[in-house]
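J.: Residue numbers (numbering that gives the first Met the number 0), protein chains in the order written: chain A, 0 to 376; chain B, 0 to 126.
Derived from the structure by calculation, the hints contain no laboratory data.
Heads up, a few of these hints could be off.
[As the list claims (entries may be wrong)] Derived lysine to any residue pairs resembling SDA-like cross-links, with alpha carbons at most 25 Å apart:
id: 1; chain 1: B; residue 1: K103; chain 2: B; residue 2: G58
id: 2; chain 1: A; residue 1: K271; chain 2: A; residue 2: A90
id: 3; chain 1: A; residue 1: K73; chain 2: A; residue 2: R127
id: 4; chain 1: A; residue 1: K12; chain 2: B; residue 2: A120
id: 5; chain 1: A; residue 1: K301; chain 2: B; residue 2: G37
id: 6; chain 1: A; residue 1: K360; chain 2: B; residue 2: E76
id: 7; chain 1: A; residue 1: K83; chain 2: A; residue 2: A280
id: 8; chain 1: A; residue 1: K360; chain 2: B; residue 2: G54
id: 9; chain 1: A; residue 1: K360; chain 2: B; residue 2: S49
id: 10; chain 1: A; residue 1: K301; chain 2: A; residue 2: E323
id: 11; chain 1: A; residue 1: K83; chain 2: A; residue 2: E105
id: 12; chain 1: A; residue 1: K360; chain 2: B; residue 2: V47
id: 13; chain 1: B; residue 1: K2; chain 2: B; residue 2: P111
id: 14; chain 1: A; residue 1: K12; chain 2: B; residue 2: N122
id: 15; chain 1: A; residue 1: K73; chain 2: A; residue 2: V138
id: 16; chain 1: A; residue 1: K301; chain 2: A; residue 2: N42
id: 17; chain 1: A; residue 1: K271; chain 2: A; residue 2: A129
id: 18; chain 1: A; residue 1: K301; chain 2: B; residue 2: S49
id: 19; chain 1: A; residue 1: K13; chain 2: B; residue 2: D34
id: 20; chain 1: A; residue 1: K285; chain 2: A; residue 2: V138
id: 21; chain 1: B; residue 1: K8; chain 2: B; residue 2: E125
id: 22; chain 1: B; residue 1: K2; chain 2: A; residue 2: A280
id: 23; chain 1: B; residue 1: K2; chain 2: A; residue 2: Q188
id: 24; chain 1: A; residue 1: K81; chain 2: A; residue 2: T189
id: 25; chain 1: A; residue 1: K373; chain 2: A; residue 2: Y174
id: 26; chain 1: A; residue 1: K13; chain 2: B; residue 2: K2
id: 27; chain 1: A; residue 1: K373; chain 2: A; residue 2: G180
id: 28; chain 1: A; residue 1: K81; chain 2: A; residue 2: K12
id: 29; chain 1: A; residue 1: K360; chain 2: B; residue 2: D82
id: 30; chain 1: A; residue 1: K360; chain 2: B; residue 2: D87
id: 31; chain 1: A; residue 1: K301; chain 2: B; residue 2: A86
id: 32; chain 1: A; residue 1: K301; chain 2: B; residue 2: D87
id: 33; chain 1: A; residue 1: K301; chain 2: A; residue 2: L320
id: 34; chain 1: B; residue 1: K2; chain 2: A; residue 2: E323
id: 35; chain 1: A; residue 1: K360; chain 2: B; residue 2: T52
id: 36; chain 1: A; residue 1: K360; chain 2: B; residue 2: P111
id: 37; chain 1: A; residue 1: K172; chain 2: A; residue 2: R240
id: 38; chain 1: A; residue 1: K83; chain 2: A; residue 2: F18
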Amino acid sequence: MTENYTALYDQHKKAGASFTDFGGWQMPLKYTSELAEHHAVRNAAGLFDLSHMGEVWVTGPDAGAFLDYALAGKLSAIAVGKAKYSLICDADGGIIDDLISYRRGEEEYLVVPNAGNAAQVAAALAERAANFDVAVGDVSAETSLIAVQGPSAEAILLQLVPAEQHALVTELKYYAAVEVGIAVNDVVQTLLLARTGYTGEDGFEIYVPNDDAARLWEALLDAGTVHGLIPAGLACRDSLRLEAGMPLYGNELSSRVNAYAAGLGPVVSLAKESDFVGREALAAIKAAGVGSTIGQKLVGLKGLGRRAARGHYPVLKDGTLVGEVTSGQPSPTLGYPVAMAYVDVEYSEVGTVLDVDLRGKAEQFEVVSLPFYKRAR
Amino acid sequence: MSKVVSELKYSAEHEWVAADGAGPVGIGISAVAADALGDIVYVDLPEVGSTVTAGETCGEVESTKSVSDLYAPVTGEVTEINDGVVADPALINSDPYGAGWLFKVAVTDEGPLMSAEEYAATNGGEL
Numbered sequence: 000m001t002e003n004y005t006a007l008y009d010q011h012k013k014a015g016a017s018f019t020d021f022g023g024w025q026m027p028l029k030y031t032s033e034l035a036e037h038h039a040v041r042n043a044a045g046l047f048d049l050s051h052m053g054e055v056w057v058t059g060p061d062a063g064a065f066l067d068y069a070l071a072g073k074l075s076a077i078a079v080g081k082a083k084y085s086l087i088c089d090a091d092g093g094i095i096d097d098l099i100s101y102r103r104g105e106e107e108y109l110v111v112p113n114a115g116n117a118a119q120v121a122a123a124l125a126e127r128a129a130n131f132d133v134a135v136g137d138v139s140a141e142t143s144l145i146a147v148q149g150p151s152a153e154a155i156l157l158q159l160v161p162a163e164q165h166a167l168v169t170e171l172k173y174y175a176a177v178e179v180g181i182a183v184n185d186v187v188q189t190l191l192l193a194r195t196g197y198t199g200e201d202g203f204e205i206y207v208p209n210d211d212a213a214r215l216w217e218a219l220l221d222a223g224t225v226h227g228l229i230p231a232g233l234a235c236r237d238s239l240r241l242e243a244g245m246p247l248y249g250n251e252l253s254s255r256v257n258a259y260a261a262g263l264g265p266v267v268s269l270a271k272e273s274d275f276v277g278r279e280a281l282a283a284i285k286a287a288g289v290g291s292t293i294g295q296k297l298v299g300l301k302g303l304g305r306r307a308a309r310g311h312y313p314v315l316k317d318g319t320l321v322g323e324v325t326s327g328q329p330s331p332t333l334g335y336p337v338a339m340a341y342v343d344v345e346y347s348e349v350g351t352v353l354d355v356d357l358r359g360k361a362e363q364f365e366v367v368s369l370p371f372y373k374r375a376r
Numbered sequence: 000m001s002k003v004v005s006e007l008k009y010s011a012e013h014e015w016v017a018a019d020g021a022g023p024v025g026i027g028i029s030a031v032a033a034d035a036l037g038d039i040v041y042v043d044l045p046e047v048g049s050t051v052t053a054g055e056t057c058g059e060v061e062s063t064k065s066v067s068d069l070y071a072p073v074t075g076e077v078t079e080i081n082d083g084v085v086a087d088p089a090l091i092n093s094d095p096y097g098a099g100w101l102f103k104v105a106v107t108d109e110g111p112l113m114s115a116e117e118y119a120a121t122n123g124g125e126l
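Same shape as in the complex, but just chain B:
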């Protein structure tokens, strides 16, 4: 079963949000989503300086077999994107909670987020 990291919060659209208090928060997609997508070969991220809105699409993740919209789990300004994952999208499969992070947002508003326990229970993940 796909791993769910207990220190993170999750959106219904399978994005994770780093729960650390101060400063911009890191965002990525869960291992559940990465495994379901298959081998990811292309990722389109929001631009640094743009504003993303919780629950709205802000990019896309494309695997050999399918393509999936990327939804912003929070509202705020994008402060940084992970160039490493743009160059090597396979990082999302190999290390979705680490080197496969996607972008950081200075949060003004959180969307509805789940705890790791809730997310794992509803999506068949493993804590």
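So here's chain A without its partners, still in its complex pose:
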């Protein structure tokens, strides 16, 4: 697999990061302690390099209609300035990727796929665009993405935003984005700022050209240190998103999984009038009751002991295999093991106690509703 490095690789090395391969990218796993980074995001703020994520512009008179066809959601319905979580499915209803789309203009969307799927999504979009008047432009290679996540994120960001634009930030709603001036090396640059994240906390994601990424990273660190901001790696990103009950492509989501089993039924708009890729298959899957009366369903599991379940561990009921863990680890915030698993629907009810085979020894886990953790608002 190609080894890709983000524009912030030197910053990570300087900060003492240990690296991991993620979706073909060398990404910081942690800088010091993943637990300290996790708690910093919950209590203050963490700084993430998400430059491995893809960025694909969809522009043209048919942009909205095209995305309605290419994705499972109704993207034409969102207002300019807003964002929407959606899925790109194959004809069988399998999930190619989960992604966020930002409507930047009447005829302009920014689509953000996951790192490992970016090329495949860009290709699928280009292919599906054949009968639409749109241009699909993959700018992933020249775009960096930096996130500030945590309760102090807004205060940190405001330090770099000119006073007359503060309201743009403070009034920015969750799942919305705005062009705002951000001081990078004392030069105010207009950058796309989104109030989105993958941690269960308030936070922002900033799209920045590669050439300015290192300076923005340093500027955010300088502004944030007094607020408790520290650089945060993928290890804590994973524990944070798991606590927040957010699926990870490759763990909870894949081409072998459909939206209804994954609990993402509401993301699929069968109500939209136009056709979309996977519609027929998804309508049949829904009608059959997959994820509600038949098949398996994604659930949250709370460990009743101290040992944690991990991905691919078998889930048992009275010794019979009834499911498989997709993600799991000890929850740093809650202090008990948490996991997500696909289990047979008859065992998916909240309160059901199941066993997880932890390397030959069964431990009890209770089905609980997701998310495990929800911040106080």
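Since chain A is already given, all that's left is putting chain B on it; use the hints.
T.: Relative to the frame of chain A, chain B by itself:
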């Protein structure tokens, strides 16, 4: 780089063994292993009075990111376990050769052990 203490001996599975002659010997895991595991949140130790066998698993060490079997570096009876580290497994990260020790064994047989120099050379540690 992770610290390797020169007064100790080491197993290929990253356990250290205190090299003092008489009486039960202290056993723990190296800083190399602790750093690789990440923040340790749970440790399962053998029971006092049980017999462990060199090269066989005798417990496990679990971090936020992974879980790893604990291998006995020596054969013998477990005489004492570190209750402090059971209550606060983070000690293994903060002080792997001190407060983060795991258990003591009255040794009847040593497994294959390396000197600190050998261990550091093969595992990228720093003496």
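J.: Failing hints, ascending?
T.: 18, 20, 22, 23, 27, 28, 34, 36, 38
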